[in-house]
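2 protein chains.
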Amino acid sequence: MRVLGIDPGTIRVGFGVVEAGASTYRAVAFGVVASASTAPLPERLRRIHAGLTRVIARTGPDLVAIEDAFSGINPHAALRIGEGRGVALLCAGEARLPVFSYAPTEVKRAVTGGGGARKASVARMVAFLLGLPREPSPEDASDALAVALCHCLRAPGSR
Amino acid sequence: MRVLGIDPGTIRVGFGVVEAGASTYRAVAFGVVASASTAPLPERLRRIHAGLTRVIARTGPDLVAIEDAFSGINPHAALRIGEGRGVALLCAGEARLPVFSYAPTEVKRAVTGGGGARKASVARMVAFLLGLPREPSPEDASDALAVALCHCLRAPGSR
Numbered sequence: 001m002r003v004l005g006i007d008p009g010t011i012r013v014g015f016g017v018v019e020a021g022a023s024t025y026r027a028v029a030f031g032v033v034a035s036a037s038t039a040p041l042p043e044r045l046r047r048i049h050a051g052l053t054r055v056i057a058r059t060g061p062d063l064v065a066i067e068d069a070f071s072g073i074n075p076h077a078a079l080r081i082g083e084g085r086g087v088a089l090l091c092a093g094e095a096r097l098p099v100f101s102y103a104p105t106e107v108k109r110a111v112t113g114g115g116g117a118r119k120a121s122v123a124r125m126v127a128f129l130l131g132l133p134r135e136p137s138p139e140d141a142s143d144a145l146a147v148a149l150c151h152c153l154r155a156p157g158s159r
Numbered sequence: 001m002r003v004l005g006i007d008p009g010t011i012r013v014g015f016g017v018v019e020a021g022a023s024t025y026r027a028v029a030f031g032v033v034a035s036a037s038t039a040p041l042p043e044r045l046r047r048i049h050a051g052l053t054r055v056i057a058r059t060g061p062d063l064v065a066i067e068d069a070f071s072g073i074n075p076h077a078a079l080r081i082g083e084g085r086g087v088a089l090l091c092a093g094e095a096r097l098p099v100f101s102y103a104p105t106e107v108k109r110a111v112t113g114g115g116g117a118r119k120a121s122v123a124r125m126v127a128f129l130l131g132l133p134r135e136p137s138p139e140d141a142s143d144a145l146a147v148a149l150c151h152c153l154r155a156p157g158s159r
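Respectively, the protein sequence lines represent chains X and B.
The opening residue of the first sequence carries number 1 in this note's numbering; numbering runs sequentially from there.
The opening residue of the second sequence carries number 1 in this note's numbering; numbering runs sequentially from there.
Derived from the structure by calculation, the hints contain no laboratory data.
Glycine included, C-beta positions come from ideal geometry on N, C-alpha and C.
Please note: incorrect hints may appear among the correct ones.
[Claimed, not checked] Reference excerpt, derived from the structure (chain X facing chain B, CB under 10 Å, subset only): (1) T10; (2) I11; (3) V32; (4) P42; (5) V64; (6) A78; (7) V87.
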């Protein structure tokens with residue numbers, strides 16, 4: 001099973017593709033689709049859509065795992081996050097990939113054992129679980145790998 | 001000048017194309033891009049993206065006018081609204097169309113003279129301004145025509 005984790009945004013989108021083997025997890029690819037922060041929103045979304053579509057075509061995932069809303073944010077921030085999330089979900093829909101959403105606390109708990117874990121702990125565990133020589137960089141890519149791993153660790157019969 | 005007004009959503013998206021002439025406004029096309037409410041969100045967004053892309057190709061607008069966030073909504077609703085809005089903005093970006101955002105009160109004030117106008121008043125004024133025999137239906141299409149008219153009435157040198 002190959003899982004594409006996405007950390008959505010309207011300027012930078014983290015992605016991380018994890019292959020779940022019999023007893024191990026492997027990072028197939030990870031990185032960031034970035035657009036110029038000075039570009040108008042529709043142009044940024046166009047580049048993000050094109051970039052994510054390319055990632056899906058090149059890595060051939062079976063499904064998408066994505067973080068759901070952050071709790072405790074204000075409506076304005078939620079609207080902006082939704083705009084990035086909508087485009088990421090569209091890419092999944094166009095590739096006919098099923099999508100699984102996980103709350104941030106679920107991702108942290110699955111990867112580190114604690115729902116309140118700090119970013120650094122999540123990054124360390126992502127590196128450990130994937131056998132990477134160091135913590136994946138940048139942070140958006142690490143977060144995307146974490147949500148992909150969350151799906152692998154949480155989904156029943158996922159291997 | 002030809003303006004595509006969009007009333008975004010994740011199940012139904014209203015659209016209304018208004019042509020601004022020397023002293024009149026004409027409704028070129030209006031309607032709704034609908035997806036099945038029972039379909040998964042990525043599939044709904046895929047259909048909305050395909051439908052809006054078709055509307056743009058067929059009607060050839062010069063720009064897009066869209067309602068900005070509703071005030072007073074909760075973060076969860078804002079996230080869902082953002083998902084639909086992100087896909088609408090992407091369609092504009094892919095067609096390289098500039099996008100103008102208007103607050104709901106701005107749209108109501110531009111069309112009816114009052115920022116607190118009721119839906120029915122807005123629909124009546126949309127029909128009057130466009131010389132339509134009756135109020136445009138469904139409501140999503142009427143709202144989309146209203147935001148397109150708002151841009152025509154508000155934008156400096158828009159005619």
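Going through the hints against the structure:
| no. | hint | verdict |
| --- | --- | --- |
| 1 | T10 | holds (8 Å) |
| 2 | I11 | violated (13 Å) |
| 3 | V32 | violated (18 Å) |
| 4 | P42 | holds (3 Å) |
| 5 | V64 | holds (8 Å) |
| 6 | A78 | holds (4 Å) |
| 7 | V87 | holds (5 Å) |
Consistency with the previously given hints fails for numbers 2, 3, ordered from lowest to highest.
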